[in-house]
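There are 2 protein chains.
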Amino acid sequence: MTKHNFGAGPCILPKEVLKLASESIINFNEIDLSILEISHRSQDFINVIEKAKKLVIDLLNVPNNYSILFLQGGASLQFFMSALNLLKKDQTAGYINTGSWSKKALLEAKKIGNVEIIASSEEKGFSFIPRNINISDKISYVHFTSNNTIYGTQFHSYPKRSKNCFIVSDMSSDIFSKKINISDFDIIYAGAQKNIGPAGTTLVIINNEVLNINSNLPSMLDYSVHVDKSSMFNTPPVFSIYVSMLTLQWLKKMGGINKIEKINDNKSRILYDAIDESNYLKGYANKADRSKMNVTFTIENDNKKKKFDEMCQHKSIVGIKGHRSVGGYRASLYNALEIDSVNVLVDIIKSL
Amino acid sequence: MTKHNFGAGPCILPKEVLKLASESIINFNEIDLSILEISHRSQDFINVIEKAKKLVIDLLNVPNNYSILFLQGGASLQFFMSALNLLKKDQTAGYINTGSWSKKALLEAKKIGNVEIIASSEEKGFSFIPRNINISDKISYVHFTSNNTIYGTQFHSYPKRSKNCFIVSDMSSDIFSKKINISDFDIIYAGAQKNIGPAGTTLVIINNEVLNINSNLPSMLDYSVHVDKSSMFNTPPVFSIYVSMLTLQWLKKMGGINKIEKINDNKSRILYDAIDESNYLKGYANKADRSKMNVTFTIENDNKKKKFDEMCQHKSIVGIKGHRSVGGYRASLYNALEIDSVNVLVDIIKSL
Numbered sequence: 361m362t363k364h365n366f367g368a369g370p371c372i373l374p375k376e377v378l379k380l381a382s383e384s385i386i387n388f389n390e391i392d393l394s395i396l397e398i399s400h401r402s403q404d405f406i407n408v409i410e411k412a413k414k415l416v417i418d419l420l421n422v423p424n425n426y427s428i429l430f431l432q433g434g435a436s437l438q439f440f441m442s443a444l445n446l447l448k449k450d451q452t453a454g455y456i457n458t459g460s461w462s463k464k465a466l467l468e469a470k471k472i473g474n475v476e477i478i479a480s481s482e483e484k485g486f487s488f489i490p491r492n493i494n495i496s497d498k499i500s501y502v503h504f505t506s507n508n509t510i511y512g513t514q515f516h517s518y519p520k521r522s523k524n525c526f527i528v529s530d531m532s533s534d535i536f537s538k539k540i541n542i543s544d545f546d547i548i549y550a551g552a553q554k555n556i557g558p559a560g561t562t563l564v565i566i567n568n569e570v571l572n573i574n575s576n577l578p579s580m581l582d583y584s585v586h587v588d589k590s591s592m593f594n595t596p597p598v599f600s601i602y603v604s605m606l607t608l609q610w611l612k613k614m615g616g617i618n619k620i621e622k623i624n625d626n627k628s629r630i631l632y633d634a635i636d637e638s639n640y641l642k643g644y645a646n647k648a649d650r651s652k653m654n655v656t657f658t659i660e661n662d663n664k665k666k667k668f669d670e671m672c673q674h675k676s677i678v679g680i681k682g683h684r685s686v687g688g689y690r691a692s693l694y695n696a697l698e699i700d701s702v703n704v705l706v707d708i709i710k711s712l
Numbered sequence: 361m362t363k364h365n366f367g368a369g370p371c372i373l374p375k376e377v378l379k380l381a382s383e384s385i386i387n388f389n390e391i392d393l394s395i396l397e398i399s400h401r402s403q404d405f406i407n408v409i410e411k412a413k414k415l416v417i418d419l420l421n422v423p424n425n426y427s428i429l430f431l432q433g434g435a436s437l438q439f440f441m442s443a444l445n446l447l448k449k450d451q452t453a454g455y456i457n458t459g460s461w462s463k464k465a466l467l468e469a470k471k472i473g474n475v476e477i478i479a480s481s482e483e484k485g486f487s488f489i490p491r492n493i494n495i496s497d498k499i500s501y502v503h504f505t506s507n508n509t510i511y512g513t514q515f516h517s518y519p520k521r522s523k524n525c526f527i528v529s530d531m532s533s534d535i536f537s538k539k540i541n542i543s544d545f546d547i548i549y550a551g552a553q554k555n556i557g558p559a560g561t562t563l564v565i566i567n568n569e570v571l572n573i574n575s576n577l578p579s580m581l582d583y584s585v586h587v588d589k590s591s592m593f594n595t596p597p598v599f600s601i602y603v604s605m606l607t608l609q610w611l612k613k614m615g616g617i618n619k620i621e622k623i624n625d626n627k628s629r630i631l632y633d634a635i636d637e638s639n640y641l642k643g644y645a646n647k648a649d650r651s652k653m654n655v656t657f658t659i660e661n662d663n664k665k666k667k668f669d670e671m672c673q674h675k676s677i678v679g680i681k682g683h684r685s686v687g688g689y690r691a692s693l694y695n696a697l698e699i700d701s702v703n704v705l706v707d708i709i710k711s712l
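Top line first, the protein sequences correspond to chains A and B.
Following my numbering, the residues of the first sequence are numbered contiguously, the last one being 712.
Following my numbering, the residues of the second sequence are numbered contiguously, the last one being 712.
Think of the hints as simulated: they come from the structure by calculation, not from any bench.
Worth double-checking, as some hints may not be accurate.
For chains that are exact copies, the list does not tell them apart, and a pair is met inside one copy or across any two.
Claimed, not checked - Keeping only pairs whose Cα atoms sit at most 25 angstroms apart, straight-line, the calculated SDA-like set for lysine to any residue is:
hint	residue 1	residue 2
1	Lys647	Asn574
2	Lys523	Leu571
3	Lys464	Leu380
4	Lys379	Glu410
5	Lys448	Lys675
6	Lys375	Ala634
7	Lys363	Asn407
8	Lys589	Lys681
9	Lys463	Leu577
10	Lys484	Asn626
11	Lys666	Gly687
12	Lys665	Ile620
13	Lys675	Asp649
14	Lys667	Ser402
15	Lys681	Asn387
16	Lys463	Asn424
17	Lys665	Ser402
18	Lys449	Glu569
19	Lys375	Ile391
20	Lys448	Asp582
Build the full structure now, drawing on both the sequences and the hints.
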């Protein structure tokens, strides 16, 4: 029985990707070897990682003064690594605090140098995205989390890059879901386990201009080392990169970012409309800042709540429980989630 | 056609492991979800990682004052991370230089503090393992690479731990191949992609006594953070850990370390005997220090070399080319390589 997987990540992947991945574990590329047992230096794997990079470039229209990396350690390692590479001792980084992930990022950056919280939505439980942020001249880069999985908020416009201020964004949970203009950013990083692929690799898109700002770094934490070695400084997470390549290939085949953005707009609109029209569901996030990836809501009526839970279980809906730090519900609508699944959920909402 | 995979890593995995992994990508544990799309916080995955840890403990007889971690970044990140956690500013770490990996490790440690090369085999092309190493009182820990994949040498006895000197070992390429006494080590780390599983996770076995020596570290590089969070500080590399669990389960089922050590002894003996008995193959490593995991040799006669290559190709032997930094041949005999494959290679050697 097919489940409707609304999980927040690691999350649903396209069925055809899973099929190809499963086959390649037995016999990859018809070479009579598993994708798990080939050398990362083999031409077979080099083709995979190069294809994955090319798909990133094609799908996001990445200019050629940017490099594409597939690293390890998730966004959590990038919290530290981005600051380690960018923040000089006498400078100040500006962090926008829109939730748990932003906060974790700024705590790691504080281990490198001066950090200023230039805007925050903490006073209202991270239910909105700060606007009209003043970026003073002393700020050398601004860091923000483009989409907040836990609270269900999302930046719909971004802080502006300037000559003296770089832009760093953790896009783990909304990259590849909508158009972005790469030139507006200097470092974009994203754990794979939402719209890219399975857990185990981290995509970094980096402006070559910000390489080598700090030097003599630990090799594994130095972007320039990974750029020089084309993400092959050491053994990369072969399988996670392979499945990411398959997922990006699926995205391209189904029409790319323009197409998926329309589908995602539609999925989230249908669900938010159902929430707003119901008299027992309450959306968590400020309407203008609602995330199109993670829809957060609560049910205050215990009786309705019980019925809603039963119906979800009956209809094979999984992964809809809210994050342990906020409770309630969270329906994640990542790229691979089909509209049919959203309709099943909407029908439940309307029926109660 | 089954290939005989002598690759140095990522390397051969047991057929039954590949079969289970392939199935779980479609339907894991019969929950109608892929192992790639479940939350790492789900009970299904918690069971996997706990089982993997328990298998490490059982197979290696790990005392309960040690912690087991599954991290990311490979041994290459551990080169830096082990020094970052252990080496205080006023101390000196002692490194045994037995090849490329040792050298990379000590270069990363130098970014933290004082490093002394207390023994080296570099003068003879890393063809032997240094003996009778003097460890002076000022050395706070000794680091060594237990098996050198590139040169085909292996420590058959280890530097001794003392009250004031910890022992750190990179066992990426021979862990789980033979008995070791965990209490003789303080940190053992190993990239998974030889005897543990596929690329993408790194096993760390750490004496709790050496946690918290250095503090206020970047969270992702702090062993104590990962110990506190049971390797779930952030999203772990779910699939790599899952396949590692399957591989360790396979090892346990087939008789554990005692059994595999006998098999490995036998496999390497047969191959080394064939090399020594041939009049055209030349082993690279000093006989007493030969690795049971990576058998390195050269063929100087061009005619024989050509025939040998042809025969290997004809018999579907793959991954036998020497490392790009030394040339020649390298036959890796990891746990999952069956004796039949060794016999095929030995037959070729004898036939020429």
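Cross-check of the supplied hints:
{"no.": "1", "hint": "Lys647 x Asn574", "result": "neither (41 angstroms within a copy, 46 angstroms between copies)"}
{"no.": "2", "hint": "Lys523 x Leu571", "result": "within (16 angstroms within a copy, 43 angstroms between copies)"}
{"no.": "3", "hint": "Lys464 x Leu380", "result": "neither (36 angstroms within a copy, 37 angstroms between copies)"}
{"no.": "4", "hint": "Lys379 x Glu410", "result": "within (22 angstroms within a copy, 28 angstroms between copies)"}
{"no.": "5", "hint": "Lys448 x Lys675", "result": "neither (53 angstroms within a copy, 57 angstroms between copies)"}
{"no.": "6", "hint": "Lys375 x Ala634", "result": "neither (27 angstroms within a copy, 49 angstroms between copies)"}
{"no.": "7", "hint": "Lys363 x Asn407", "result": "between (33 angstroms within a copy, 21 angstroms between copies)"}
{"no.": "8", "hint": "Lys589 x Lys681", "result": "between (41 angstroms within a copy, 22 angstroms between copies)"}
{"no.": "9", "hint": "Lys463 x Leu577", "result": "both (24 angstroms within a copy, 17 angstroms between copies)"}
{"no.": "10", "hint": "Lys484 x Asn626", "result": "neither (28 angstroms within a copy, 67 angstroms between copies)"}
{"no.": "11", "hint": "Lys666 x Gly687", "result": "within (15 angstroms within a copy, 67 angstroms between copies)"}
{"no.": "12", "hint": "Lys665 x Ile620", "result": "neither (32 angstroms within a copy, 55 angstroms between copies)"}
{"no.": "13", "hint": "Lys675 x Asp649", "result": "neither (30 angstroms within a copy, 62 angstroms between copies)"}
{"no.": "14", "hint": "Lys667 x Ser402", "result": "between (54 angstroms within a copy, 23 angstroms between copies)"}
{"no.": "15", "hint": "Lys681 x Asn387", "result": "between (37 angstroms within a copy, 22 angstroms between copies)"}
{"no.": "16", "hint": "Lys463 x Asn424", "result": "neither (32 angstroms within a copy, 35 angstroms between copies)"}
{"no.": "17", "hint": "Lys665 x Ser402", "result": "between (54 angstroms within a copy, 22 angstroms between copies)"}
{"no.": "18", "hint": "Lys449 x Glu569", "result": "within (19 angstroms within a copy, 33 angstroms between copies)"}
{"no.": "19", "hint": "Lys375 x Ile391", "result": "both (23 angstroms within a copy, 15 angstroms between copies)"}
{"no.": "20", "hint": "Lys448 x Asp582", "result": "both (14 angstroms within a copy, 22 angstroms between copies)"}
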